[in-house]
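**Student:** Sequence:
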Amino acid sequence: CQGVLFVLSMVLLFSGIFLIILIPFQYIPWLHAIYGVLGAIVFT
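Taken in order, the sequence shown gives residues 1 to 44; the numbers are from the working numbering.
Simulated from the structure, these hints should not be mistaken for laboratory data.
Where is the CB? At the ideal position from N, CA and C, for every residue including glycine.
It cannot be assumed that every hint is accurate.
[Claimed, not checked] Cβ pair distances, simulated, as ranges: (1) G3 with F25: 16 to 24 Å; (2) G3 with I28: 15 to 23 Å; (3) F25 with C1: 32 to 40 Å; (4) Y27 with G3: 15 to 23 Å; (5) P29 with G3: 30 to 38 Å; (6) Q26 with V4: 15 to 23 Å; (7) I20 with F43: 17 to 25 Å; (8) F25 with L5: 17 to 25 Å; (9) G3 with I23: 27 to 35 Å.
Can you make the complete structure from the sequences, with help from the hints?
**Tutor:** As structure tokens, this is what we get:
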């Protein structure tokens, strides 16, 4: 279970970095929705 939590945390970290780089160019609402759903799944 700890390995799964680590992998999901890394996915959130790298997708957050990707969003930081991408947001100044254009806003993508479905990408924010996926990021929010992943965060809700990991931290509940």
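**Student:** Next, verify each hint and record whether it holds.
**Tutor:** Consistency of the hints with the structure:
At roughly 34 Å, the beta carbons of G3 and F25 sit outside the given window of 16 to 24 Å. Hint check: G3 to I28, Cβ distance near 30 Å, so the stated range 15 to 23 Å is violated. In this structure the hint that F25 and C1 lie 32 to 40 Å apart at CB holds, the actual value being about 37 Å. One distance hint, 15 to 23 Å for the beta-carbon pair Y27 and G3, is violated here, with the actual separation near 34 Å.
In this structure, P29 and G3 meet the distance hint of 30 to 38 Å, their C-beta atoms being roughly 31 Å apart. The beta-carbon spacing between Q26 and V4, approximately 32 Å, falls outside the hinted interval of 15 to 23 Å. A hinted range of 17 to 25 Å holds for the C-beta pair I20 and F43, which are about 19 Å apart. Restraint check, F25 to L5: a C-beta distance of roughly 32 Å breaks the suggested window 17 to 25 Å.
For the pair G3 and I23, the beta carbons lie near 30 Å from each other, so the given range of 27 to 35 Å is met.
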